[in-house]
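**Q** Below, each chain spelled out in residue letters.
There are 2 protein chains.
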Amino acid sequence: MRAVVMVAPGDVRVDETERPRIVEPTDAILKITAACICGSDLWPYRGADAVDHRPMGHEYVGVVAEIGSAVTTLAVGDFVVGTFISSDNTCEICQAGYQTHCVHRGPGADPGAQADYARIPNADGTLVATPGVPDPELIPSLLAASDVLGTGWFAAVAAEAGPGRTVAVVGDGAVGLMGVLAAKQLGAERIIAMSRHADRQALARSFGATDIVEERGDAGVERIKELTGGLGAHSTIEAVGTQESMMQAIHATRAGGHVGYVGVSHDVALPGRELFYSGVHLHGGPAPVRRFLPELIRLIWDREIDPGKVFDLTLPIEDAAEGYRAMDERRATKVLLTL
Amino acid sequence: MRAVVMVAPGDVRVDETERPRIVEPTDAILKITAACICGSDLWPYRGADAVDHRPMGHEYVGVVAEIGSAVTTLAVGDFVVGTFISSDNTCEICQAGYQTHCVHRGPGADPGAQADYARIPNADGTLVATPGVPDPELIPSLLAASDVLGTGWFAAVAAEAGPGRTVAVVGDGAVGLMGVLAAKQLGAERIIAMSRHADRQALARSFGATDIVEERGDAGVERIKELTGGLGAHSTIEAVGTQESMMQAIHATRAGGHVGYVGVSHDVALPGRELFYSGVHLHGGPAPVRRFLPELIRLIWDREIDPGKVFDLTLPIEDAAEGYRAMDERRATKVLLTL
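Chains as they are written, first to last, in the UniProt record's numbering: chain U, 1 to 339; chain S, 1 to 339.
Just chain U, with the same shape it has in the complex:
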């Protein structure tokens, strides 16, 4: 079968590899329908994280091709949405809604989801079936639910976006944009997207942003303060993962407000004293997308949200390398690979 591999930074190839098999009785094998290239894949692509022949892809939708003997909630032929971490969904941590920290957590797709087939451990706990075979037009949105929507949604929930709240969003990548959509859906009164790219600003507005701030860093914080009577946002979504973006999020938030951070942290050290005197709530980390999947699938199925708009480049898997290049060069916000 075909599978995308990052051989080294900047070097992405499509290899022929063996189709994965059931290993544990709780496994399922999926025929992948579509997979994404993730913003977080740019860290190794750019050499910021080590990488050596890594099988790629952790966002996927597909059809169940085979199930292990202990799988009870799925049948061959089901269309499913998966997540980037496998979880049993029954342990105390999962039941509290933190499936990414499941006591039996593991990779979501083995070896990777940018492939014809993938093995999904703990299939009952990890995969959620759609109500039926989706219309092709729904595939991008369902695929978005697998990671970027689920992650943006978690960030908005962690930031306690809701009615009467002003929400600032740091980061205009796919996750930030999905954070805008989530904040809107959760009832936020005002949503300030921080972006200096016209195309992403337009997308942010289409997802519900009411204001755009182009400034960054201290100047960006200053603008947020100006827009909020000097107090700062009630809720801030952080979707970048750098020192600058984290401090921008913390400083843009009023005391007692909430920062939901989901940008994978790179070289960040939060100064204790500054955090202490900020008085903000801080919550985030790898998003427990599984918690939100049933609700997100329902919203997509009922055409209440259209997160699939975030994909601005669709390529067949053979052209995966071009997809990585396009994201790296910011010619694309989010790339969908078809199989």
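Treat the hints loosely; a few may be bogus.
Think about it this way: if two alpha-carbon atoms lie no more than 16 Å apart in a straight line, the pair counts; the simulated EDC-like pairs of lysine to aspartate or glutamate are [as the list claims (entries may be wrong)]:
hint : chain 1 : residue 1 : chain 2 : residue 2
1    : S       : K225      : U       : E92
2    : U       : K184      : U       : D306
3    : U       : K225      : S       : E92
4    : S       : K184      : S       : E304
5    : S       : K31       : S       : E92
Honestly, the hints are just simulated from the structure, not real lab data.
Please arrange chain S on chain U, whose structure you already have, making use of the hints.
**A** Frame of chain U; chain S shown alone:
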């Protein structure tokens, strides 16, 4: 009048100074009844914070001696409990319960509360009158409400201590002990006090601790995990303010759990990646004691809680220097100064 001054690290004196006067029409002048020495005063005492002839004291109870022309909720003769930050209690931040970040915040007692008299800015917003003149036996508990109880209470609320929760408490100083009391009062199922001092362990148990962990750092975290089925506490109160205590608190908490931190942060830098993958909620800072004062006064007045037990040394103000020494040498947990 008499007033305690920290001339330099380790050098505390009782000076004769001028009695403060009303400056703003929203001020009140208090005749201080009792004041505390604060654990946070040990930072400058030990030379960790700069200090030069600083008037001391920010925890106090007293009797209103004089009010400005704009003060409406207090009368001369009222017995009141104050807090270490003055606040208007009407701005949007105060109304959200974050009076320590009030847009009109300032020092709680000017110049300091370890003195015969102190000026309290924004008296209506800062001071809360007791239902009447308290029995002398209630004075220590009301004084505790002014800071250590209010701070421990905030930490427990920030850590979301409550029914069904296991709460770990890092720090066995007065604030940590008050955190134990608060967690108990908020209905926590299990309260693990981390302490290696027999006297403080006994006090912690008397306030509601169900378990004691003597180990610190990684070993302490390991013990907390052992006591919680490998998962960590639901809620952790951090009441020290060092790198070790912050990391101990974060590591001792399960993913999705809550760390409430109130130890004044000293040389702390939180590693972003570790925080990201911990999945905990982090909230804290200078405690908005004012939010909790009405409820705390009621609990004390009705003899439902007895936080005054935390004072293990009572001295007349003339002996303030001995009070600082006793706390520095850990001969006393918390010192009450009478005036």
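**Q** Take the hints in turn and mark each one as holding or not.
**A** Cross-check of the supplied hints:
A C-alpha spacing of about 14 Å is found between S/K225 and U/E92, which places the hinted pair at or below 16 Å, so the restraint holds. With a C-alpha separation of about 12 Å, the suggested pairing of U/K184 with U/D306 holds against the 16 Å cut-off. Between U/K225 and S/E92 the alpha-carbon distance is near 14 Å, which keeps this suggested pair within the 16 Å criterion. Our distance criterion of 16 Å between C-alpha atoms is met by S/K184 and S/E304, whose separation comes to about 12 Å.
As the CA atoms of S/K31 and S/E92 are separated by approximately 31 Å, the hinted pair breaks the 16 Å bound.
When held up to the earlier numbered hints, the structure conflicts with hint 5 and nothing else.
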